[in-house]
Amino acid sequence: MSTHPSNDENLGRFTYAEVDRDILATLGTPGKGYLALLLLCLGLVALGAFSWTYLVLKGIGVTGLNNAVGWGSLITNFVFWVGIGHAGTLISAILYLLRASWRTAIFRAAEAATIFAVATAGLFPLIHIGRLWVAFYLMPYPNGRQLWPNFRSPLVWDVLAVSTYLTVSAIFFFVGLIPDIAAVRDRQKPGPVKWILSIASLGWMGTMLQWKHYMAAYVLFAGLATPLVISVHSVVSWDFAMSVIPGWHTTIFAPYFVAGAILSGLAMVITILVPLRKVFRIEHIIRPFHFESMAKLLLFTSLIVGYAYATEFFIAWYSGNPFETSVFVYRPTGDHAVAFWTMVVCNAVIPLLIFRSRIRKSLGALFVISLFVNLGMWFERFNIIVTSLGHAYMPSRWGSYTMSLTEWGIMLGSFGWFFLLFLSFIRLLPAVSIAEMKEAMPAPAKGATS
Amino acid sequence: MKENAPGLLGLFADTGGLLEALRQAKAQGIPIREVYSPVPCHEVEHLLDPRPSPVRYVTFTMGLIGCVSGIALAIGTSLIWNMIVGGKPVTAVIPFLVVGFELTILFGAIGTLLALLFWAGLPNRRFFTAVYRPEFTLDRFGVWLECRDGQADSVRRLLEQTGAAEIQPVRPE
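In the order they appear, the protein sequences are chains A and B.
Letter 23 of the first sequence, counting from 1, is numbered 23 in this note's numbering, and no numbers are missing.
Letter 116 of the second sequence, counting from 1, is numbered 1116 in this note's numbering, and no numbers are missing.
Treat the hints with care, as some may be off.
[What the hints assert, rightly or not] Computed from the model, here is a short list of chain B residues facing chain A with C-beta under 8 Å: (1) Val1055; (2) Ser1078; (3) Asn1082; (4) Leu1138; (5) Cys1147; (6) Arg1148; (7) Asp1149; (8) Gln1151.
[Stated by the list, open to error] Listed next, with one range per pair, are the computed distances between beta-carbon atoms: (9) A:Ala100 / B:Trp1081: 22 to 32 Å; (10) A:Pro227 / B:Pro1006: 42 to 52 Å; (11) A:Gly43 / B:Ile1167: 54 to 64 Å; (12) B:Tyr1057 / A:Ala100: 27 to 37 Å; (13) A:Phe415 / B:Val1085: 34 to 44 Å; (14) A:Pro142 / B:Val1093: 51 to 61 Å; (15) B:Tyr1057 / A:Pro255: 32 to 42 Å.
These are computed hints drawn from the structure, not numbers from a lab.
Ideal Cβ positions, reconstructed from N, Cα and C, are used throughout, including at glycine.
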């Protein structure tokens, strides 16, 4: 909306052409550092592919899973990566509806992180089921087996929620890219690249008719994505909460997971953007002001998560349920106490530093805090999954769990996969939305908004 | 509208001049063939056609279809195997609402995309031969005014007076 107020006064200092030039400069020839990172990611992906192949050939027994702990690092990674995606949708859709104009400079990168994170997460249920060639049983379609999925199961809701999320996020992302691909196209010399971009931009010309329907659709996409993102992590939390395992069977799981997802996602966006703005010399576009806004959101979600941790303990005690109490004594003192305390310190204690304005304004400090939160959120999922399964009901069925080397390989591979996708994206397409940056700027003449 | 009527394409550096040119063209009855812009502009949209985009009706209808089909799918397939699972009724309303909800969003989003492509004329197959300037994605606003018999001079004057940075004659294929 060209008329909505921008609280980012910095934008008034640029012209449209300067925005174009600076953002398109990120698509130039890559440096050595970039290629080294790309190679590292490729190496990790190869390690992950090798480990997954090994798992498929040998069977799920090569993981640390056992009779007591049937879900382990693979499901932990699934929940972790789905959560990472949530900040992108928060920034691109929810903040769009709320007219928070500071999202403009960062939403494209966050949205890309969403899609790549969900694309990474989606692999884990396939890995976890072991025999991935029967994964299609989960999809509802008329088939020769005369069988349908059980729609009362949260695992089937999960299939629907995550695949809908991936589809809708991808649509939102690619629709947002259309005017920018057109901008890249128009700066090219005639040749095959221009031709490909002309096709990819769907022949966008920026006519008023196109803009009108485009803006109408964009707000509708944002409106659809907003309840969707909340539903996705709620449904993921119900994978646990719908069961009767102590420590899982609780009504706070949905809001607790959604807040945790946004916390982890924001941390990942900060982790990515701090080096990105420096490497691509777009410090004047993605500024400390944007990080401060994200840090405040991160602090807010961290407080919710910290509160949820406390509530879980309170309910365990207040319910008087011995099984519930037992799990909550086991978490901070048992085999996986390190995971528990890492989670508490990283997610609920370290982010409290953001209350100090000096820390909030320091990108270095925020970068370090974001790394801790990433770590803490991974351990949160691990803590929830493993300690509950390992300590449920009868002591005779208790057990413990250690990640096997294969699982380590797959996990490292997933990080390689995510960053490989992201690195490819920032070289191929504008990581900051050109059209929306211009839109957020004052129009190029006085009296334009008469 | 004649497809191959000659016209003039005026390029503006600001929306103020563009809006003025559009207002005058409308007042003088000069047909406005196309307006180009690097950013969406509400004033121009309002001037050309104040009716809201019909995309939202498609979103709503498709969302509704998605909701009904999701719930119908869950109920229908449960009735095929009339069996109590997990202590829940065969047609368990609450779990099926989740299925209905997800399909509402999925169908709504796909419907919105199709509606956008339809009304915005995308993919635009005539892009390669269309009247267009690459500056329209950079920092120029464009207006293409049709020149009927003998109007060429007055159209050119209108564009000059409203501050067009460049005026280019166009004759579409």
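Worksheet item: Okay, which hints does this one fail, numbers in order?
Response: The structure breaks hints 3, 5, 6, 7, 8, 9, 14; every other hint is satisfied.
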